[in-house]
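> Protein chains in written order, with this note's numbering: chain A, 1 to 338; chain B, 1 to 287.
If you're looking for bench data, these hints aren't it; they were derived computationally from the structure. Each hint should be verified, as a subset may be incorrect.
Unchecked claim - Selected chain B positions facing chain A (Cβ under 10 angstroms, derived; list incomplete):
hint: 1; residue: L58
hint: 2; residue: F88
hint: 3; residue: H93
hint: 4; residue: L98
hint: 5; residue: V150
hint: 6; residue: Y270
As the list claims (entries may be wrong) - Derived EDC-like pairs: lysine to aspartate or glutamate, alpha-carbon spacing no greater than 16 angstroms straight-line:
hint: 7; chain 1: A; residue 1: K167; chain 2: A; residue 2: E33
hint: 8; chain 1: A; residue 1: K298; chain 2: A; residue 2: D287
hint: 9; chain 1: B; residue 1: K189; chain 2: B; residue 2: D179
hint: 10; chain 1: A; residue 1: K167; chain 2: A; residue 2: E85
hint: 11; chain 1: B; residue 1: K170; chain 2: B; residue 2: E182
hint: 12; chain 1: A; residue 1: K286; chain 2: B; residue 2: E109
hint: 13; chain 1: A; residue 1: K298; chain 2: B; residue 2: D117
hint: 14; chain 1: B; residue 1: K189; chain 2: B; residue 2: D117
hint: 15; chain 1: B; residue 1: K258; chain 2: A; residue 2: D165
hint: 16; chain 1: A; residue 1: K298; chain 2: B; residue 2: E109
Model, not experiment: these values are computed from the prediction. All C-beta atoms in this analysis are idealised placements derived from N, C-alpha and C, irrespective of residue type, glycine included.
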Amino acid sequence: MTQANMEILPRGVQVALFLGLAALLAFPFAGTEFYTEMVTRMMIMAIFAMSLDLLQGVTGLVSLGHAAYFGLAGYALAFLTPQGEAVSLWWTLPVAVLGSGLAALIIGFFVVRTRGIYFIMVTMAFAQMVFFLFFDNKALGGSDGLYINFRPSAALFGWVPFDLDGKRTLYYFTLAAMLLVYAFLRRLLWSPFGRALAGIRVNEHRMRAMGFYTFGYKLTAFTLAGGLAGLAGYLWGTQTGYINPELMGFQMSAHTIMMVVLGGMGNIAGAMVGAFTFEYLLHVFKDLPQVGSVNLGKHWQLWMGLFIVLLVTFAPRGLLGLAERFGKRGMDKENQDE
Amino acid sequence: MDLANFFIQLLNSVQYGLLLFMLAAGLTLIFGIMGVVNLAHGSFYMLGAYLAWSLSALFGSLSLAIIGGAALSVLFGLALEWLLFRHFYERDHLDQVLLTFGLIYIFEELRSIVWGDDVHGVPIPELLSASIPLTDNLSYPVYRLFMSGVCLALAAGLYFLISKTRLGMKIRAGAFNRDMAEALGVNIKLIHAVVFALGVGLAAVAGMVAAPVASVYPNMGSQVLIMCFVVVVIGGIGSVRGALIAALLVGLVDTFGKVLLPQVAGMLVYILMAAVLLYKPEGLFKQ
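Kindly produce the complete structure, drawing on both the sequences and the hints.
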């Protein structure tokens with residue numbers, strides 16, 4: 001198993017996370033509008049990646065179809081928003097999240113019965129089914145997707161606490177959502193439920209022999225993860241104002257897996273770090289200059305592919321895995337000095 | 001739908017099913033024997049199609065192109081196995097997913113650099129370009145029968161190789177118990193390389209024979225890959241016989257779905273898969 005098991009974060013990583021949080025809080029005042037939007041997108045992807053980590057890192061279920069729930073919530077927002085005006089945030093957000101969770105519950109009933117490689121293939125196939133449902137039907141937007149002309153409104157009985165049209169407001173709203181999801185998942189990880197999920201990852205047979213109804217635990221995790229992916233999808237639809245079937249595709253799911261692995265699996269923080277790093281790399285690769293007659297940025301997939309292959313060959317435990325390894329090495333040295 | 005049309009659709013579904021089988025057989029063999037999940041399998045299909053396009057222009061003959069292309073793709077498979085895949089047999093499925101996902105990106109861009117991003121057609125050889133008339137206004141192209149013939153011949157060859165030859169016996173032994181087979185003197189490393197190259201070759205030949213009908217275009221591998229997954233899941237991982245039956249089933253459902261229920265055609269095979277999973281979570285023919 002190459003899976004990292006680092007649920008307790010090393011001190012250095014904790015400090016880095018706090019510094020990162022401080023940087024995120026200050027960022028909209030330092031960065032340009034372009035970068036504020038980019039970091040908002042990174043935080044949305046961080047929520048999405050954390051939701052997958054609950055399955056992939058904590059429970060040991062590698063879903064290649066997680067983007068389906070992300071996309072479904074975006075579509076929910078698109079359908080609930082009228083052509084000519086904004087819709088209320090306060091009921092559409094729960095509806096979108098619950099809708100994604102419900103879809104995950106139904107699909108989960110089929111996929112959670114399978115395991116290992118089957119689980120990977122079946123989650124992918126079901127996501128593809130959802131993809132084709134939208135792709136093939138003009139009434140659902142078809143291959144062109146749908147526009148969301150108005151961002152959801154936060155108005156409560158005439159009082160407007162904040163306005164998501166503001167780029168900074170949306171930024172802080174997303175940041176708050178990301179922190180809430182992080183706190184929720186960290187708490188969940190240490191609850192008896194979270195411990196049971198971790199037990200299932202390590203040895204499902206033994207958990208069942210001990211009397212745990214593992215199907216129920218896994219299905220609950222799958223549903224929760226789907227709902228949280230829906231939160232990310234809703235925010236994505238809010239930010240971009242546009243939703244299309246590609247958001248539910250195989251590539252999107254694979255990117256999310258990549259984020260979780262890149263950061264380091266199983267402790268939720270890794271997924272966040274991975275999402276930021278992955279999105280940043282994507283930005284760097286797409287922004288590469290023209291050299292002679294070759295446009296390096298146009299072939300960003302080549303660099304991303306090489307990066308992925310190198311990463312998985314040489315550092316399968318991700319960035320936090322590397323940090324931990326160097327941390328340990330440092331500690332060993334200290335012990336020797338004594 | 002009248003009888004002649006029904007007959008044509010039936011032939012089409014068998015032909016599509018057999019094509020899917022060639023792809024799924026490689027996928028299921030590579031998984032069943034080496035335990036490797038290969039998302040890049042669709043890229044080998046794409047490689048075959050592009051080779052058919054280039055080589056048939058070069059040689060002026062599709063059959064020469066297929067033979068040359070098969071040889072090239074088997075060499076490519078051997079190189080890839082030696083360079084990357086053999087290091088991943090003992091690794092997590094997750095690592096394999098990531099490795100092969102990275103490879104999809106690399107292959108897709110290399111394809112773009114070598115062959116460009118346009119859609120290309122491959123001409124049907126003159127010998128096979130005729131049609132067999134069925135009624136006054138319906139006929140069936142000979143080339144599609146040729147495709148089915150090639151797929152059937154390879155399926156039969158594969159069956160013979162695995163169940164009747166000495167090499168096949170070693171392959172089965174390695175899949176059943178790797179350590180035991182190795183202790184008995186089977187060169188597992190060699191077997192793995194051969195099976196992997198065989199899988200690559202089958203996928204590439206599928207791409208080559210499909211090229212004149214399906215044309216040659218970017219990202220052609222990914223849709224086919226997902227269909228293969230469905231076939232492998234329905235048939236049961238590692239089972240070549242399961243893959244054959246599932247591929248024919250998927251071919252039928254997909255072809256007739258497109259004619260009879262075009263609104264939900266894209267979803268039908270997935271519904272079939274869900275139904276099978278509900279009944280048998282490990283596929284129809286779990287090994």
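> Quick check: which numbered hints come out false for this structure?
1, 5, 10, 14 and 15
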